[in-house]
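Chains as they are written, first to last, in my numbering: chain X, 1 to 215; chain Z, 1001 to 1215.
Hint data in this document are derived by calculation from the structure and do not stem from the laboratory.
Fair warning: there could be bad hints in the mix.
Unchecked claim - Taking CB as the label site, the calculated pair distances span:
id, chain 1, residue 1, chain 2, residue 2, range
1, X, Gly-195, Z, Asn-1213, 37 to 43 Å
2, Z, Glu-1188, X, Lys-88, 47 to 53 Å
3, X, Glu-188, Z, Leu-1090, 30 to 36 Å
4, Z, Asp-1080, X, Asp-173, 34 to 40 Å
5, Z, Glu-1094, X, Ala-185, 18 to 24 Å
6, Z, Lys-1172, X, Glu-183, 45 to 51 Å
7, Z, Asn-1213, X, Tyr-208, 39 to 45 Å
As the list claims (entries may be wrong) - Derived coverage of chain Z by chain X (criterion: at least 3 residues anywhere in the stretch with Cβ under 8 Å from a Cβ of chain X; other residues may be distant):
id, stretch
8, 1122-1130
9, 1170-1184
What the hints assert, rightly or not - Straight-line Cα separation of at most 27 Å, BS3-like style, residue types lysine-lysine; simulated pairs:
id, chain 1, residue 1, chain 2, residue 2
10, X, Lys-207, Z, Lys-1039
11, Z, Lys-1039, X, Lys-39
12, X, Lys-88, Z, Lys-1207
13, Z, Lys-1196, Z, Lys-1088
14, Z, Lys-1037, X, Lys-37
15, Z, Lys-1070, Z, Lys-1039
16, X, Lys-70, Z, Lys-1037
17, X, Lys-95, X, Lys-39
18, X, Lys-70, Z, Lys-1088
19, Z, Lys-1088, Z, Lys-1037
20, X, Lys-70, X, Lys-37
21, X, Lys-39, Z, Lys-1160
22, Z, Lys-1207, Z, Lys-1039
23, Z, Lys-1196, Z, Lys-1164
24, X, Lys-160, X, Lys-196
25, X, Lys-196, X, Lys-88
26, X, Lys-88, Z, Lys-1132
27, Z, Lys-1207, X, Lys-39
28, Z, Lys-1156, X, Lys-37
29, Z, Lys-1156, X, Lys-39
30, Z, Lys-1160, X, Lys-70
31, Z, Lys-1070, X, Lys-37
32, Z, Lys-1039, X, Lys-132
33, X, Lys-37, X, Lys-95
34, X, Lys-164, X, Lys-207
35, Z, Lys-1156, Z, Lys-1196
36, X, Lys-70, X, Lys-95
37, Z, Lys-1070, Z, Lys-1132
38, Z, Lys-1095, Z, Lys-1165
39, X, Lys-95, Z, Lys-1039
40, Z, Lys-1070, X, Lys-95
Computed from a predicted model, the values in this text were never measured in an experiment.
We treat Cβ as the ideally placed atom computed from N, Cα and C, and that holds for glycine.
2 protein chains.
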Amino acid sequence: MIAFLVFSIKSKMLYTNSMSSNVIFQKMEITREMRAKHKNQRPVTIWFTGLSGSGKSTLANAIEKCLYEKGRHTMSLDGDNIRLGINKDLGFSEKDRVENIRRIAEISKLMNDAGVITLTSFISPYIADRQKARQIIGEENFIEVYVSTPIEECEKRDVKGLYKKAREGIIKDFTGVSGPYEEPANPEISIDTSGKSIEESAEIIMKYLRDNNII
Amino acid sequence: MIAFLVFSIKSKMLYTNSMSSNVIFQKMEITREMRAKHKNQRPVTIWFTGLSGSGKSTLANAIEKCLYEKGRHTMSLDGDNIRLGINKDLGFSEKDRVENIRRIAEISKLMNDAGVITLTSFISPYIADRQKARQIIGEENFIEVYVSTPIEECEKRDVKGLYKKAREGIIKDFTGVSGPYEEPANPEISIDTSGKSIEESAEIIMKYLRDNNII
């Protein structure tokens, strides 16, 4: 027998007396605040934006490790788990690119509702899309990290060989080569990873999180 | 300065020496297992299915409270946070209904990846859609709870006045009245809430979770 006499019931639902006569109904459910309190943290979304090869995923991964080691509850969203999962129906048309970012933002919001600090690593080259993400997630929960590594450095790394293919015209509309990247005007954090160690870059973000009482 | 010498790096990315010379790279990242371990739980999806008014949301809410009180980390997905958020672009055509359930399943999977026990409350009337959800989420993580309250009882409750509107023809394709509901053949749990208190119904599910070492 489960011992809860003060019982919650969703929205305006009320059961008939036949369902339960000995239960005190109370309009209350588990909230975002309760889930966050459970995890002893302030759930925010850390939104990494920047060119391919700028270091978004590497930095997000580093930050997630730092947070994990501090007992924080995190989730990372990236191409691997989004493009192959919920967004696998989307292509690369303008409409689909907008929808791609919109869904990522909605999922980030749900993750935040679950009390989880969320890290997203997507090029997200358009100001309008990132602005929409900020609106969906909420200004107070949105930390835009512009990974501003210059294209020369990104192209020198060319981890996945994408720049080479873009220069050869094999990949069309490649951000920074044949497609636009709109720089954030007022990102919460801006990091050029060239000439910095990953620890140095990560520390800039960790300091921001500490200074803003997020961790 | 962040003290991690053994450092992880995502997938096949390797930085040039200029990025960092004193860091030992290691292909490792924060995994689903690590996030679950952090929360000391086995992240599963509890998928409530049944007619409108059968008690899905009320039961999900009750279970979430029980789990919360036991220190478990949970998230609830329902019409309120899905239809008004990520799925607000979807209508009620057959194609959109399939897509609605697919996205809910993908989000549940991501929540499980985040280590969170997920509760979903959607009529989800079609066997094929629920089967697809099971595949996406993974057989071992999917607990189908069929809330089998008879339609007469659901209609008697008619919490939102929807049955009345369906009978009057104001709402078309209403599950159980003018639209089909395909009963689960082998749900993990089946509960008829009529004549049971919420505690009694909730205890059936909590017992299942205990017996199967989920909590």
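Cross-check of the supplied hints:
no.: 1; hint: Gly-195(X) / Asn-1213(Z): 37 to 43 Å; result: violated, 51 Å
no.: 2; hint: Glu-1188(Z) / Lys-88(X): 47 to 53 Å; result: violated, 27 Å
no.: 3; hint: Glu-188(X) / Leu-1090(Z): 30 to 36 Å; result: holds, 32 Å
no.: 4; hint: Asp-1080(Z) / Asp-173(X): 34 to 40 Å; result: holds, 37 Å
no.: 5; hint: Glu-1094(Z) / Ala-185(X): 18 to 24 Å; result: violated, 44 Å
no.: 6; hint: Lys-1172(Z) / Glu-183(X): 45 to 51 Å; result: holds, 49 Å
no.: 7; hint: Asn-1213(Z) / Tyr-208(X): 39 to 45 Å; result: holds, 41 Å
no.: 8; hint: 1122-1130; result: violated (count 0)
no.: 9; hint: 1170-1184; result: violated (count 0)
no.: 10; hint: Lys-207(X) / Lys-1039(Z); result: holds, 25 Å
no.: 11; hint: Lys-1039(Z) / Lys-39(X); result: holds, 9 Å
no.: 12; hint: Lys-88(X) / Lys-1207(Z); result: violated, 37 Å
no.: 13; hint: Lys-1196(Z) / Lys-1088(Z); result: violated, 35 Å
no.: 14; hint: Lys-1037(Z) / Lys-37(X); result: holds, 18 Å
no.: 15; hint: Lys-1070(Z) / Lys-1039(Z); result: holds, 12 Å
no.: 16; hint: Lys-70(X) / Lys-1037(Z); result: holds, 14 Å
no.: 17; hint: Lys-95(X) / Lys-39(X); result: violated, 37 Å
no.: 18; hint: Lys-70(X) / Lys-1088(Z); result: violated, 36 Å
no.: 19; hint: Lys-1088(Z) / Lys-1037(Z); result: violated, 34 Å
no.: 20; hint: Lys-70(X) / Lys-37(X); result: holds, 16 Å
no.: 21; hint: Lys-39(X) / Lys-1160(Z); result: violated, 35 Å
no.: 22; hint: Lys-1207(Z) / Lys-1039(Z); result: holds, 21 Å
no.: 23; hint: Lys-1196(Z) / Lys-1164(Z); result: holds, 24 Å
no.: 24; hint: Lys-160(X) / Lys-196(X); result: holds, 21 Å
no.: 25; hint: Lys-196(X) / Lys-88(X); result: violated, 35 Å
no.: 26; hint: Lys-88(X) / Lys-1132(Z); result: holds, 15 Å
no.: 27; hint: Lys-1207(Z) / Lys-39(X); result: holds, 25 Å
no.: 28; hint: Lys-1156(Z) / Lys-37(X); result: violated, 39 Å
no.: 29; hint: Lys-1156(Z) / Lys-39(X); result: violated, 41 Å
no.: 30; hint: Lys-1160(Z) / Lys-70(X); result: violated, 45 Å
no.: 31; hint: Lys-1070(Z) / Lys-37(X); result: holds, 14 Å
no.: 32; hint: Lys-1039(Z) / Lys-132(X); result: violated, 32 Å
no.: 33; hint: Lys-37(X) / Lys-95(X); result: violated, 38 Å
no.: 34; hint: Lys-164(X) / Lys-207(X); result: violated, 36 Å
no.: 35; hint: Lys-1156(Z) / Lys-1196(Z); result: holds, 15 Å
no.: 36; hint: Lys-70(X) / Lys-95(X); result: violated, 39 Å
no.: 37; hint: Lys-1070(Z) / Lys-1132(Z); result: violated, 31 Å
no.: 38; hint: Lys-1095(Z) / Lys-1165(Z); result: holds, 24 Å
no.: 39; hint: Lys-95(X) / Lys-1039(Z); result: violated, 38 Å
no.: 40; hint: Lys-1070(Z) / Lys-95(X); result: violated, 44 Å
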